[in-house]
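If you want the building blocks of each chain, they are given just below.
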Amino acid sequence: MTLTENVFENLRLELRRGCLTLAVLAQLRQEHYGYTLRKDLADHGLVIDESTLYPLLRRLETQGLLVSEWREEEKRNKRFYRLSPEGEQILTHLLKEWHDINASINRIM
Amino acid sequence: MELLDRYLQAVKKYLPLRRQDDLIAELRANMDSQLEDKESELGRPLTLGEQEDWLRQIGHPIMVAARYQPQQYLIGPAIFPVYWYVLRMTFLWATVIYSIVSAVLIVSKTPNGTAVLEAMLRIPGVLLSAAAWITAVFAAFEFISTHFPDKIPSPASLSAKWHPNSLPPLEKPSATGKRPRSYNQAVAEVVFGFLFLTWLVLVPQNPYLLFGPGAGFIQSAPFRLAPVWIAFFWWVVVLNVVQLLWRCIILWRGTWQQSRRQQDTAVKAFGIVPLILLITSRDHVYLLLKNPATDQLRYGNLADTINKSVYHGMSAVCVIAILSLAWELFQVVRDTDRQREAAR
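Residue numbers (the working numbering), protein chains in the order written: chain A, 1 to 109; chain B, 110 to 453.
Keep in mind that the hints were calculated from the coordinates and are not lab data.
Model, not experiment: these values are computed from the prediction.
Treat the hints with care, since some could be wrong.
Below, a list of computed lysine to any residue pairs in the SDA-like style, where the Cα atoms sit at most 20 Å apart [stated by the list, open to error]:
hint, chain 1, residue 1, chain 2, residue 2
1, A, Lys39, B, Ser149
2, B, Lys377, B, Thr389
3, B, Lys122, B, Leu164
4, A, Lys75, B, Arg137
5, B, Lys147, A, Val47
6, A, Lys39, B, Ile167
7, A, Lys75, B, Gln143
8, B, Lys121, A, Pro55
9, B, Lys417, B, Leu384
10, A, Lys39, B, Glu150
11, A, Lys39, B, Asp141
12, A, Lys75, B, Leu144
13, A, Lys39, B, Glu148
14, A, Lys75, B, Ala134
15, B, Lys399, B, Lys417
16, A, Lys96, A, Leu22
17, A, Lys39, B, Gly168
18, B, Lys121, A, Leu53
19, A, Lys75, B, Asp141
20, B, Lys121, A, Ser51
21, A, Lys39, B, Gln143
22, B, Lys147, A, Asp49
23, B, Lys417, B, Phe341
24, B, Lys122, A, Pro55
25, B, Lys121, A, Thr52
26, B, Lys147, A, Asp43
27, B, Lys121, A, Asn77
28, A, Lys39, B, Glu145
29, B, Lys147, A, Arg76
30, B, Lys270, B, Ser254
31, A, Lys39, B, Ser142
32, B, Lys147, A, Thr36
33, B, Lys218, B, Leu309
34, B, Lys122, A, Thr52
35, B, Lys121, A, Arg59
36, A, Lys39, B, Asp146
Per the computed footprint, the stretches of chain B lying under chain A, defined by three or more beta-carbons under 8 Å from a beta-carbon of chain A, are [to be verified]:
hint, region
37, 132 to 141
38, 170 to 176
Heads up, the beta-carbon is just placed ideally off N, CA and C, and yes, glycines get one too.
Please put together the full structure from these sequences, using the hints given.
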């Protein structure tokens, strides 16, 4: 990887990190377990690694933005996540921020 | 699927102990679902090669487990600049204090070259020890501020107390057009100042530090130094101590980039005092005979000649120093006037 490619990759990851959190919070307005959430995000064009998504879910839960519960579905125990009331508030603020930034970027471009 | 079990077992080993079972159960549920989807798409179980490719795509067990670990810093980015500054200052002051203590101990015990060398060789250990303590204190601060944020003021609250009025005045280029002194230069001046002072204090007990192998010849010579040199010597020591303290204060206050013309002029002025002491000494005697009764006839004239030469030499040096000081004072006054006029 050249220096330029390396710089681009770092910047891309930095840009993506915040967007992924926003997408996950938005998608968890409806309940999901890890695998179906990943599939849903991919279906919407946002591919995300298992090794990124599952720890992210745990982190957001620790921060109080998600709640989870173990439940049996199709004869298998799965951990289902959904947005907590605090998470809903945060998501509203983040979405506003996202729209503002997006509008600004569009005006700049 | 045995390979998946082996994979999860490997991941589990690197997960936090308290959450291992919970995390592995979730990971297994998600991976089982993924595997089911893959197999229903293909209409058959995955081959061993396909299983290997899939797991390789997910990642090395250590890397997968690492994502579940909280991000940990020994010293985080918020306080790292402060840590770095304190570490640099600690290195400086540890060197300064250690040098003073060592110099005092060496002079009060048995001043010799070996003792100086041993003291210098201990410096890296002293600095490492100081660095370890500072790092430990900052790591503890980081731990407390991360785990008990209400127990300790955050860097953000400290910066809220900061006011722009506390900023140092704008650095102006020196009148001579020279580049302002760098931090490294300022540190080097302090360190070498201490080394020079140590060397100077050791010279009376260890003349070979000044004369080298010629010290033996001087000891066997029929002459000895007159008492006026003792006063001269201590004046020079005091001048160097004052200059060194001045440099330390400048470094402590962080004003090493500012012009220190006044300091240099003051040092030059006080530097003339020991020269005046020498040329005003009684009868201009600088060398005495060790045994006047036996050596007067043989070395008396030589001693007189040397004394006269030293007197004339020192007088010339004194005149040059006074003229140089007068010229410097004239320049200081002239530049001050120019600055006043420019300010109007």
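Each hint, compared with the structure:
1. Restraint check for lysine 39 of chain A and serine 149 of chain B: satisfied, since their Cα atoms lie roughly 15 Å apart, inside the 20 Å limit.
2. Restraint check for lysine 377 of chain B and threonine 389 of chain B: the C-alpha separation of about 19 Å stays at or below 20 Å, so the hint holds.
3. Using a Cα cut-off of 20 Å, the hinted pair lysine 122 of chain B and leucine 164 of chain B holds, with the two alpha carbons roughly 17 Å apart.
4. Our distance criterion of 20 Å between C-alpha atoms is met by lysine 75 of chain A and arginine 137 of chain B, whose separation comes to about 14 Å.
5. Taking the CA atoms of lysine 147 of chain B and valine 47 of chain A, the gap is near 17 Å; set against the 20 Å cutoff, the hint holds.
6. In summary, the hint linking lysine 39 of chain A to isoleucine 167 of chain B is supported, as the alpha carbons are separated by about 15 Å, within the 20 Å threshold.
7. This hinted pair checks out: lysine 75 of chain A and glutamine 143 of chain B have alpha carbons roughly 15 Å apart, not beyond 20 Å.
8. A distance of roughly 14 Å separates the Cα atoms of lysine 121 of chain B and proline 55 of chain A; the hinted pair therefore holds under the 20 Å criterion.
9. About 15 Å separates the Cα atoms of lysine 417 of chain B and leucine 384 of chain B, which keeps this hinted pair within 20 Å; it holds.
10. At roughly 14 Å between alpha-carbon atoms, lysine 39 of chain A and glutamate 150 of chain B fall within 20 Å of each other, so this suggested pair holds.
11. Taken as a hint, the lysine 39 of chain A and aspartate 141 of chain B pair is honoured in the structure, with Cα atoms around 14 Å apart against an allowance of 20 Å.
12. Proximity of lysine 75 of chain A to leucine 144 of chain B is assessed by CA-CA distance (about 15 Å); at most 20 Å being required, the pair is judged to hold.
13. Distance hint between lysine 39 of chain A and glutamate 148 of chain B is fulfilled; the C-alpha atoms sit about 16 Å from each other, no more than 20 Å.
14. Using a Cα cut-off of 20 Å, the hinted pair lysine 75 of chain A and alanine 134 of chain B holds, with the two alpha carbons roughly 14 Å apart.
15. Restraint check for lysine 399 of chain B and lysine 417 of chain B: satisfied, since their Cα atoms lie roughly 18 Å apart, inside the 20 Å limit.
16. Only pairs whose Cα atoms come within 20 Å are accepted, and lysine 96 of chain A paired with leucine 22 of chain A is accepted, the gap being roughly 11 Å.
17. Restraint check for lysine 39 of chain A and glycine 168 of chain B: satisfied, since their Cα atoms lie roughly 19 Å apart, inside the 20 Å limit.
18. Of the supplied pair hints, the one linking lysine 121 of chain B and leucine 53 of chain A holds, its CA atoms being roughly 18 Å apart against a limit of 20 Å.
19. Between the alpha carbons of lysine 75 of chain A and aspartate 141 of chain B the distance comes to roughly 12 Å, so the proposed pair stays at or under 20 Å and holds.
20. Taking the CA atoms of lysine 121 of chain B and serine 51 of chain A, the gap is near 14 Å; set against the 20 Å cutoff, the hint holds.
21. The hinted pair formed by lysine 39 of chain A and glutamine 143 of chain B meets the criterion: a straight-line CA distance of about 9 Å does not exceed 20 Å.
22. Our distance criterion of 20 Å between C-alpha atoms is met by lysine 147 of chain B and aspartate 49 of chain A, whose separation comes to about 16 Å.
23. Proposed proximity of lysine 417 of chain B and phenylalanine 341 of chain B is supported: the alpha carbons are some 18 Å apart, at most 20 Å.
24. Simply put, lysine 122 of chain B and proline 55 of chain A have alpha-carbon atoms about 16 Å apart, close enough for the 20 Å limit, and the pair holds.
25. Taken as a hint, the lysine 121 of chain B and threonine 52 of chain A pair is honoured in the structure, with Cα atoms around 17 Å apart against an allowance of 20 Å.
26. For the hint linking lysine 147 of chain B to aspartate 43 of chain A, the alpha-carbon distance of about 16 Å falls within 20 Å, and the restraint holds.
27. For the proposed pair lysine 121 of chain B and asparagine 77 of chain A, the alpha carbon gap of about 18 Å is at most 20 Å, so the pair holds.
28. Using a Cα cut-off of 20 Å, the hinted pair lysine 39 of chain A and glutamate 145 of chain B holds, with the two alpha carbons roughly 13 Å apart.
29. Using a Cα cut-off of 20 Å, the hinted pair lysine 147 of chain B and arginine 76 of chain A holds, with the two alpha carbons roughly 17 Å apart.
30. Annotation: proposed proximity of lysine 270 of chain B to serine 254 of chain B holds, straight-line Cα distance about 18 Å (limit 20 Å).
31. As the CA atoms of lysine 39 of chain A and serine 142 of chain B are separated by approximately 11 Å, the hinted pair is consistent with the 20 Å bound.
32. The suggested pairing of lysine 147 of chain B with threonine 36 of chain A holds, with an alpha-carbon distance near 13 Å, which does not exceed 20 Å.
33. Proximity of lysine 218 of chain B to leucine 309 of chain B is assessed by CA-CA distance (about 16 Å); at most 20 Å being required, the pair is judged to hold.
34. Proposed proximity of lysine 122 of chain B and threonine 52 of chain A is supported: the alpha carbons are some 19 Å apart, at most 20 Å.
35. With a C-alpha separation of about 18 Å, the suggested pairing of lysine 121 of chain B with arginine 59 of chain A holds against the 20 Å cut-off.
36. For a cut-off of 20 Å, the pair hint linking lysine 39 of chain A to aspartate 146 of chain B stands: about 11 Å separates their Cα positions.
37. Chain A is given as covering the region 132 to 141 of chain B, and this holds because 8 residues of the stretch bring a CB closer than 8 Å to a CB of that chain, at least three being needed.
38. Counting residues of the region 170 to 176 of chain B whose CB falls under 8 Å from any CB of chain A gives 3; the rule of at least 3 is met.
Violation of the numbered hints given earlier is absent; every hint is satisfied by the structure.
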